[in-house]
Amino acid sequence: MAVAVSEVPVLVLDEDYRAVEMSPAFRAGCGLAPGDSALEGLPISRSTFVQSCEHARRTGEAVDLVEYGAGRLLHIRVVPRDELLHVSWETLGMLDTLTLDGLGASLRSLAETLAGTEDTLRRERLRRSLRLVGGGL
Amino acid sequence: MTGRAWTFVIDASDRIVQVGDEEPRGMAPFLGHALWEYLPHGEAVFGLLFEEARSAGVEVETIVYYAGATMNIRIVPSGRSLVVYATRRTELDVRTLGTLSASLRVIEQELGARAPAQPDRRALGSRQALP
Chain A
1 MAVAVSEVPV LVLDEDYRAV EMSPAFRAGC GLAPGDSALE GLPISRSTFV QSCEHARRTG
61 EAVDLVEYGA GRLLHIRVVP RDELLHVSWE TLGMLDTLTL DGLGASLRSL AETLAGTEDT
121 LRRERLRRSL RLVGGGL
Chain B
1 MTGRAWTFVI DASDRIVQVG DEEPRGMAPF LGHALWEYLP HGEAVFGLLF EEARSAGVEV
61 ETIVYYAGAT MNIRIVPSGR SLVVYATRRT ELDVRTLGTL SASLRVIEQE LGARAPAQPD
121 RRALGSRQAL P
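Chains A and B, in that order, are what the protein sequence lines are.
For the first sequence, counting from 1, position 13 maps to 13 in our numbering; every step adds exactly one.
For the second sequence, counting from 1, position 75 maps to 75 in our numbering; every step adds exactly one.
No wet-lab data here; the hints were simulated from the structure.
Glycine included, C-beta positions come from ideal geometry on N, C-alpha and C.
Among these hints, one or two may not hold up.
[Said to hold, decoys possible] The following label-pair restraints were derived from C-beta to C-beta distances:
| no. | chain 1 | residue 1 | chain 2 | residue 2 | range |
| --- | --- | --- | --- | --- | --- |
| 1 | B | Glu51 | A | Met94 | 31 to 37 Å |
| 2 | B | Gly26 | A | Thr48 | 34 to 40 Å |
| 3 | A | Leu121 | B | His41 | 30 to 36 Å |
| 4 | A | Asp16 | B | Ala5 | 46 to 52 Å |
| 5 | A | Thr59 | B | Glu22 | 53 to 59 Å |
| 6 | B | Val17 | A | Met94 | 30 to 36 Å |
| 7 | B | Gly112 | A | His55 | 42 to 48 Å |
| 8 | B | Gln18 | A | Glu124 | 57 to 63 Å |
| 9 | B | Ala102 | A | Arg46 | 15 to 21 Å |
[To be verified] Covered, in the sense of this in silico footprint (three residues per stretch, anywhere, with C-beta under 8 Å from a C-beta of chain A), are these stretches of chain B:
| no. | segment |
| --- | --- |
| 10 | 41-49 |
| 11 | 64-75 |
| 12 | 89-99 |
[As the list claims (entries may be wrong)] Pulled from the structure, derived: some chain A residues nowhere near chain B, Cβ distances all over 10 Å:
| no. | residue |
| --- | --- |
| 13 | Pro9 |
| 14 | Val10 |
| 15 | Ala19 |
| 16 | Pro24 |
| 17 | Ser37 |
| 18 | Glu40 |
| 19 | Val79 |
| 20 | His86 |
Chain A with its partners taken away, still in its complex shape (with noise of 0.2 Å):
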């Protein structure tokens, strides 16, 4: 019997980016198993994925990215937590294949979805540095 999943994914990875720990929700939607690597069939850029991660270790603050893979738009929070990271995935959004109206549509809202994300992302880095600085005042 199929099981509702409604909590976000979490995958909590150790610094070689093996998987330590996973959400139910995280397990019911990939492969990967505590142990694994979780570079392996990344559903994005694995570039991006790990400069992302790295960025997340050296300055101590969650990275938050918006990134398109495997027909989805996911929204990917790294956040680190002594040694270890704390990734969360969202699906912002999913490209509909099935005909040509469906799939125009999709791309539309995939790209409206973006940019309204992108303006989120930027208007919070804003907020934050505007904290940063008024803190440090």
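Using the hints, position chain B against chain A.
Leaving out everything else, chain B in the frame of chain A:
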């Protein structure tokens, strides 16, 4: 990439009455059912072609997009039935924005080449929607 052809026969009510040996997985259980149960939203893509073949009583061959690929479709009237030969051609490659854009370009060319007088602008519109 041209794939293997598969064949099926539908009656005057678009019910699947025969499935070729090379049928894609899962079509056989739909024998006796409406084709549109097996091909959701397919009526908008194939319905007019079937009507054309039936009303004119002539073979119709064209290229359509359906279920993530362009398909070469040949429809041959046979009494009150239609024999349909379908071959998948170019798959939409959704892995990255680059592969998506490149495959949409090929699909657009294939659909544009099938009827120069009335090119299907939807493929172009799809590619232009890419972020």
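Hint check:
1. B:Glu51 / A:Met94: 31 to 37 Å: holds (32 Å)
2. B:Gly26 / A:Thr48: 34 to 40 Å: Given range 34 to 40 Å: holds, Cβ gap about 36 Å.
3. A:Leu121 / B:His41: 30 to 36 Å: holds (34 Å)
4. A:Asp16 / B:Ala5: 46 to 52 Å: holds (48 Å)
5. A:Thr59 / B:Glu22: 53 to 59 Å: holds (56 Å)
6. B:Val17 / A:Met94: 30 to 36 Å: holds (35 Å)
7. B:Gly112 / A:His55: 42 to 48 Å: holds (43 Å)
8. B:Gln18 / A:Glu124: 57 to 63 Å: Given range 57 to 63 Å: holds, Cβ gap about 59 Å.
9. B:Ala102 / A:Arg46: 15 to 21 Å: Since B:Ala102 and A:Arg46 have Cβ atoms about 20 Å apart, the given range 15 to 21 Å holds.
10. 41-49: holds (count 3)
11. 64-75: Holds, because 4 residues of the segment 64-75 of chain B bring their Cβ atoms closer than 8 Å to Cβ atoms of chain A.
12. 89-99: It holds, with 5 qualifying residues against the three required.
13. Pro9: holds (20 Å)
14. Val10: Non-interface label on A:Val10 holds, nearest chain B Cβ at 24 Å vs cutoff 10 Å.
15. Ala19: Holds: least Cβ distance 22 Å, greater than 10 Å.
16. Pro24: holds (26 Å)
17. Ser37: Correct as stated: the minimum Cβ-Cβ distance to chain B is 19 Å, above 10 Å.
18. Glu40: Nearest chain B Cβ is 15 Å from A:Glu40, so the label holds.
19. Val79: holds (25 Å)
20. His86: Non-interface label stands for A:His86: nearest chain B Cβ at 26 Å, farther than 10 Å.
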